[in-house]
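Protein chains: 2
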Amino acid sequence: MDQPLRVGVAGLGTVGASVVRILSRRENALGRAGRGVRLVAVSSRTRNRDRGIDIERCAWFDDPVALARSSELDCFVELIGGSDGVAKAAVEAALESGKHVVTANKALLAAHGLDLARLAEKNGVALAFEASAAGGIPIVKTLREALAGNEITRVSGILNGTCNYILSRMEHEGLSFEDCLADAQRLGYAEADPTFDVGGFDTAHKLSILASLAFGTEIDADAIYVEGISSITPLDLKMADDLGFRIKLLGVAERNKSGIEQRVHPTMVPKDSAIAQVMGVTNAVTIDADAVGEITLVGPGAGGDATASAVVADIADVARGRFGAPFGLPIARLEKMKRAPMQRHEGGYYVRLSVLDRPGAAAAIATRLAQADISLESIVQRRAEGPVHDDPEQRSLRAVPVVLTTYATSETAIRAALDKVSADGHITEPPQLIRIERE
Amino acid sequence: MDQPLRVGVAGLGTVGASVVRILSRRENALGRAGRGVRLVAVSSRTRNRDRGIDIERCAWFDDPVALARSSELDCFVELIGGSDGVAKAAVEAALESGKHVVTANKALLAAHGLDLARLAEKNGVALAFEASAAGGIPIVKTLREALAGNEITRVSGILNGTCNYILSRMEHEGLSFEDCLADAQRLGYAEADPTFDVGGFDTAHKLSILASLAFGTEIDADAIYVEGISSITPLDLKMADDLGFRIKLLGVAERNKSGIEQRVHPTMVPKDSAIAQVMGVTNAVTIDADAVGEITLVGPGAGGDATASAVVADIADVARGRFGAPFGLPIARLEKMKRAPMQRHEGGYYVRLSVLDRPGAAAAIATRLAQADISLESIVQRRAEGPVHDDPEQRSLRAVPVVLTTYATSETAIRAALDKVSADGHITEPPQLIRIERE
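Chain order of the listed sequences is A and B. Numbered continuously in my numbering, the first sequence closes out at residue 439. Numbered continuously in my numbering, the second sequence closes out at residue 439.
Because the hints were derived from the structure by calculation, they are not lab data. Don't take each hint at face value.
[As the list claims (entries may be wrong)] Anything over 12 angstroms on all C-beta distances counts as not near chain A; from chain B, calculated:
1) R47
2) R49
3) G52
4) S70
5) E96
6) L175
7) A182
8) E191
9) D241
10) G348
11) L356
12) A366
13) A416
14) A423
[What the hints assert, rightly or not] Once the Cα atoms are required to be at most 30 angstroms apart in a straight line, the calculated DSSO-like pairs of lysine-lysine come out as:
15) A:K238 - B:K271
16) B:K338 - B:K257
17) B:K420 - B:K238
18) A:K338 - A:K257
19) B:K122 - B:K336
20) A:K257 - A:K271
21) B:K238 - A:K271
22) B:K238 - B:K271
23) B:K271 - A:K271
The beta carbon of each residue, even a glycine, is placed where N, CA and C say it ideally should be.
Take these sequences, add in the hints, and give me the full structure.
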């Protein structure tokens, strides 16, 4: 029997501590299944903190880069986080010194995934990152291994639990974005600085990894169009409900005629779709591919144990020698991502306007859209709140919400038409625009 | 670069023809990802049939066993079907002659999986069977590889598209089982002899494979309690709807205090659960495990291309040397399945009785259940169809449906109580009993 795989873990936060616990609990089971796994060393910022884990038998390193270089290891597990700095230095050191690397660091991969994969390839070692996207859901393995018979046309999903939690609560309780965010922070579902989550950037990092795996392309996070959820109002969720939709923050990567479109934005999805059923901090990823059709994976996208489950699966794969090119193809065979610009995006749109309550305003707006060849699927004008005014003068001073949904049109066309509507002076606020995905 | 993996396919039905098409279409892509794959030989019952595939370059074998033994192959793909006979002989011949085997044959695995895995282990070759359970859903890979850090407590799901199609249509259109089955047969979703599907046996074969992978036990299909869907009536579906449930044919394998319970039966699931959203021929599998919590995989459970997608993924894994023990553990380390008998099953029950419309009948039934310590959650008595009779004599001659749901009780207790209810002479037909799963 081979010697056990000697593992070092850098970063003992929630995920790191859980990895240590699972490796201890599953030591026998991992050994029974093949080559064993032994935790031999750890590194973290503070040494004397009660994490509820037993690291007495392990060597301690103050410096994760020194841990990464240690000759006592076969496999370096990076759970430090951050796209640069010590996480990057440590992963590079591990790969350069011929060690396998397992990481959950999506920011690092989004920024430097290609270079790190090249380094892994050069040194003949694994660079495994199941935990970097959608937490405990085995989406990396599915894209890289289980769909070898398929050309993948689209990968999309709910990749950020914080945003889904906030949107779910806003929908169920009619609360504002700000109130739900504050609650999410109180419950530990959102960071003190929530921009990374609610601004869509975390989803974008994960999407860049999935897109590279799905399409066999060089990772290109900069090409992603990103919109967050902070502009979504209770009225949008109410209107979505009336129209048969829910609003989810989706990451979508799809191959279309102009290249590969990668985008993150709030999205109207049909209420009876599988993705619409995903509530709270749960994640879900749907893959469309030519042979298998559509498959959807649903599960916990974050949390110490769920993320650690993915980290340990990667470690077990490394122990059994079950690894290959990090992004599924040798570096030389990854294609350059041909970016499909967002302006060329085509789809349906939900548009909410604050329209001055004047005769002809709605007609003028509809005319502007018609001039741009945009077909309306529905138009709803809500009565203004407050007293009913019989006097047109008084009515004309206040705005009423008008909601339109369109059939498929282009991002350029809808933007240009709405610019004209703004210039016409009928609306009092910038338009709210939410893309519709009917699939 | 290694020589391509030389593949022979036995069985050119819908799945076999699709495998041939995909291998041809993906030849370059598979080569780019690592070792290439080349189809070198095929075998089928009839040679001269237009299958819309190009097998001109392949050797033809009339005898699949001869194909399995051929020294021109590295990997034998068995798509013949059937638990014994030529499929078994061919797979054994392939393994004995040192060839990797990829199969979609759940009946073969359910009956002989352990012996075949032993043969594969002895010869150091792969026995891969992703396509044998839940078609295009990568559930075998997920259980065997992606959850190495977990102790799995439960695996359950909708594993037969025919049954789910029939139940979905019965629910939506209020049709009888017989009418929906006839439609399913007309549309090619059900076989001429539907027993295997609607009797639950196909689900049981698949469940036996998933249970072995989930729990690290020797496959034991004989231990599965099996009930099909033919007794489900439109009234049951209507009552389920009123009570907040849908009815699905579930396969469930779970570890409980008496051992491992494996069962297949129609099941009431909460309408808002993920599994309840799965309609038509789609399959879904949910895994409960200690670290990851719950993950669900949804996708096509059958169909030529979806099943072929799983077959080709297995072939690609074999080509890349990415295989190990067929059931995740070496044969010597698979535990014997400790069967938890169905009589010990505990859960909620839906009971529908045809009760003679006499004073005291409902009270007598409730008393029998109370005597057995069974707590009722709800009781609904429907008015009999037809004219209202003021005469108690006339009423007492006809039966009215009474539906009860219970809190958790044991299979033994509910069966014994219903036997007494039958003996009391209040009911005119055997009770309809459907288990409730609230998770």
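Verification of the hints:
no.	hint	verdict
1	R47	holds (25 angstroms)
2	R49	holds (22 angstroms)
3	G52	holds (15 angstroms)
4	S70	holds (23 angstroms)
5	E96	holds (24 angstroms)
6	L175	holds (21 angstroms)
7	A182	holds (26 angstroms)
8	E191	holds (22 angstroms)
9	D241	holds (16 angstroms)
10	G348	holds (23 angstroms)
11	L356	holds (42 angstroms)
12	A366	holds (37 angstroms)
13	A416	holds (39 angstroms)
14	A423	holds (45 angstroms)
15	A:K238 - B:K271	holds (23 angstroms)
16	B:K338 - B:K257	holds (10 angstroms)
17	B:K420 - B:K238	holds (27 angstroms)
18	A:K338 - A:K257	holds (10 angstroms)
19	B:K122 - B:K336	holds (20 angstroms)
20	A:K257 - A:K271	holds (29 angstroms)
21	B:K238 - A:K271	holds (23 angstroms)
22	B:K238 - B:K271	holds (13 angstroms)
23	B:K271 - A:K271	holds (14 angstroms)
Going down the numbered hints, you'll see the structure goes against none, and every one checks out.
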